[in-house]
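Chain S is fixed; fit chain C onto it per the hints.
Taken in sequence, the protein lines are chains S and C.
The numbering of the first sequence is this note's numbering, which starts it at 1 and goes up by one.
The numbering of the second sequence is this note's numbering, which starts it at 113 and goes up by one.
What the hints contain is simulated information worked out from the structure, not anything from laboratory work.
Using N, Cα and C, we set each Cβ at its ideal position, and we do this for glycine too.
There may be inaccurate statements among the hints.
Mimicking DSS-like on lysine-lysine, the simulated pairs with C-alpha atoms at most 25 Å apart in a straight line are [unchecked claim]:
| hint | chain 1 | residue 1 | chain 2 | residue 2 |
| --- | --- | --- | --- | --- |
| 1 | S | LYS111 | S | LYS42 |
| 2 | S | LYS42 | C | LYS125 |
| 3 | C | LYS113 | S | LYS42 |
Partial chain S-side listing against chain C, Cβ under 8 Å, derived [unchecked claim]:
| hint | residue |
| --- | --- |
| 4 | GLN31 |
| 5 | SER32 |
| 6 | SER49 |
| 7 | ASN96 |
| 8 | THR97 |
| 9 | LEU100 |
| 10 | PHE102 |
| 11 | PRO112 |
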Amino acid sequence: QKEVEQNSGPLSVPEGAIASLNCTYSDRVSQSFFWYRQYSGKSPELIMSIYSNGDKEDGRFTAQLNKASQYVSLLIRDSQPSDSATYLCAVEDSGNTGKLIFGQGTTLQVKP
Amino acid sequence: KAGVTQTPRYLIKTRGQQVTLSCSPISGHRSVSWYQQTPGQGLQFLFEYFSETQRNKGNFPGRFSGRQFSNSRSEMNVSTLELGDSALYLCASSVSGSYNEQFFGPGTRLTVL
Chain S
1 QKEVEQNSGP LSVPEGAIAS LNCTYSDRVS QSFFWYRQYS GKSPELIMSI
51 YSNGDKEDGR FTAQLNKASQ YVSLLIRDSQ PSDSATYLCA VEDSGNTGKL
101 IFGQGTTLQV KP
Chain C
113 KAGVTQTPRY LIKTRGQQVT LSCSPISGHR SVSWYQQTPG QGLQFLFEYF
163 SETQRNKGNF PGRFSGRQFS NSRSEMNVST LELGDSALYL CASSVSGSYN
213 EQFFGPGTRL TVL
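Next up, chain S with everything else stripped away, as it sits in the complex (with noise of 0.2 Å):
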C-alpha cells in the first residue's frame, strides 16, 4: 500500500512568518510530487509542481525534493492570512497512469 504521511496540524504561524509543511511517502520510484491548496468547501488548487531534486520557487513558495529521503516539503514566505487553508501533498502513483496519492493534508492557520 503506497502512503502518503503528512501532519495534520493545525500549524499556526504568526502573519510574515515562514511556514514549513513537510510530507513523507513510500514509492521509491515516484518521479512527480505536487503541493495543492484547498480552502474549506473549496477543491483542491494547484500551487507547486516538482520533479527533480532541489528546491523549485515560485513567487513566495518553495518546493524541495529529496527522492533518497522520499521527503517533499513545501515553504511559504510572508504567510498571510488569506494562506489560510488545508496544504495536500500529492505523489504520483509510478505505477498506475493519472494516479495521485494524497496526504491526508496540513491545516495552516496564518493570525494577523
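Relative to the frame of chain S, chain C by itself:
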C-alpha cells in the same frame, strides 16, 4: 483558458438510486481522473481515462463506473447508492496523465439520504 467544469454542483439522492456526474476537461487535456473526497478517507482515486479508455481503476466497488467521450469529456456513474457514497466527487484533467500536473474542477457534492 477555461478551467475544468463539473455538473451538477450539488446532488441529493436516496439510497438505491443511481447518479451520473459530468466533467469537462481543460481544452487540449486528454486525461481525466476522478477522485472521491470524504472527511475520513481524504482524497481517494476512482479511475482515470485517456482517449476514451480506462487506464487505471482504484479500489472501489463495481457500482462506480465511468466513461470518456471523443471530446475528452467524462462521466462517472454510481449505481445503487449507499449512505457511505456521500462525498465530494472531483475530477481532474491533465495533458496526458503521466508526469503532468492535474487541475481539479469545482467538484460535485453528493448527499445520499
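Could you tell me which of the numbered hints above are not met by this structure, giving the numbers in increasing order? 11
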